[in-house]
Every structure is written in structure tokens, then in C-alpha cells.
Amino acid sequence: MSDQVSLEYSTNHAILDQITLRHSIDVQGTNMDGETVLLDLSTGRYYTLNRVGSVIWEHCTGHHTISDIHASLCDRFDVAPERALDDLVTLVNQLVQEGLLQPERR
Numbered sequence: 001m002s003d004q005v006s007l008e009y010s011t012n013h014a015i016l017d018q019i020t021l022r023h024s025i026d027v028q029g030t031n032m033d034g035e036t037v038l039l040d041l042s043t044g045r046y047y048t049l050n051r052v053g054s055v056i057w058e059h060c061t062g063h064h065t066i067s068d069i070h071a072s073l074c075d076r077f078d079v080a081p082e083r084a085l086d087d088l089v090t091l092v093n094q095l096v097q098e099g100l101l102q103p104e105r106r
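Position 42 of the sequence shown, counting from 1, maps to 42 under our numbering, and the rest follow consecutively.
Be careful, since some hints might not be right.
Unchecked claim - Per label pair, the in silico range of CB-to-CB distance:
| hint | residue 1 | residue 2 | range |
| --- | --- | --- | --- |
| 1 | Gly44 | Asp78 | 14 to 24 Å |
| 2 | Cys74 | Ser42 | 16 to 26 Å |
| 3 | Ala14 | Thr90 | 15 to 25 Å |
| 4 | Asp75 | Thr43 | 30 to 40 Å |
| 5 | Thr30 | Phe77 | 28 to 38 Å |
| 6 | Pro81 | Arg106 | 16 to 26 Å |
| 7 | Leu39 | Thr61 | 32 to 42 Å |
None of these hints come from the bench; they were simulated from the model.
Glycine is no exception: its CB is placed at the ideal position from the N, C-alpha and C atoms.
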């Protein structure tokens with residue numbers, strides 16, 4: 001059974017290797033023209049993710065660590081690894097705070 005983890009992720013790779021993410025049960029997502037539109041059924045709020053955010057969302061199945069998602073971003077986009085990690089951690093923190101993602105410790 002996974003433990004709930006802290007909301008504030010850092011760029012500490014040891015921590016990022018231990019945390020997986022999954023979509024919250026009340027959130028529905030659909031891909032539209034390379035972007036992902038999310039609907040939180042519990043609040044009725046909509047969110048839009050750009051291409052990078054969409055790739056992150058696709059990997060939040062409970063099977064990929066934050067480090068895995070970072071590696072995928074670096075493979076798919078022409079971006080400096082440090083920038084990709086900063087953007088990933090920022091978005092993950094926002095989505096967790098909004099209740100759209102659930103973090104779990106491996």
C-alpha cells in the first residue's frame with residue numbers, strides 16, 4: 001500500500017525516483033489538438049494542458065515515477081534537462097494542489 005507523500009516536490013532525484021502519480025478519480029481528461037482538457041467532476045472546473053502538460057498527464061497512470069516522466073520529456077522535446085525538471089515539478093505541484101493528481105510513494 002502506498003503512503004501519501006508531501007505536496008512540495010523538490011528536484012532531489014532520490015525522492016523523485018520514489019513517487020508515482022495517478023489521476024484523481026473525479027477527473028476526466030480528453031485530448032484535443034495536442035492539448036488535454038481536464039474536467040474535475042467534483043468541482044465542475046475545467047483545466048487545459050499544453051503539449052508538454054499533456055505528455056505529463058499521459059504518464060500519470062500510477063506506474064511511472066516523476067523521474068520516468070522527466071526522462072520521457074527530455075526524449076520527446078528539445079529542452080534542457082534542468083528546465084524540463086523545473087517545469088515538471090512546478091506543474092505536478094499545481095495539479096496535486098488542485099486535487100487533479102494523487103501522489104504515491106513506491
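Do the hints match the structure? See the list:
1. Gly44 to Asp78: 14 to 24 Å: 37 Å, violated
2. Cys74 to Ser42: 16 to 26 Å: 33 Å, violated
3. Ala14 to Thr90: 15 to 25 Å: 19 Å, holds
4. Asp75 to Thr43: 30 to 40 Å: Holds - the Cβ-Cβ distance for aspartate 75 and threonine 43, about 34 Å, lies within 30 to 40 Å.
5. Thr30 to Phe77: 28 to 38 Å: Given range 28 to 38 Å: violated, Cβ gap about 22 Å.
6. Pro81 to Arg106: 16 to 26 Å: 22 Å, holds
7. Leu39 to Thr61: 32 to 42 Å: Taking Cβ atoms as reference, leucine 39 and threonine 61 lie about 18 Å apart, which means the hint is violated.
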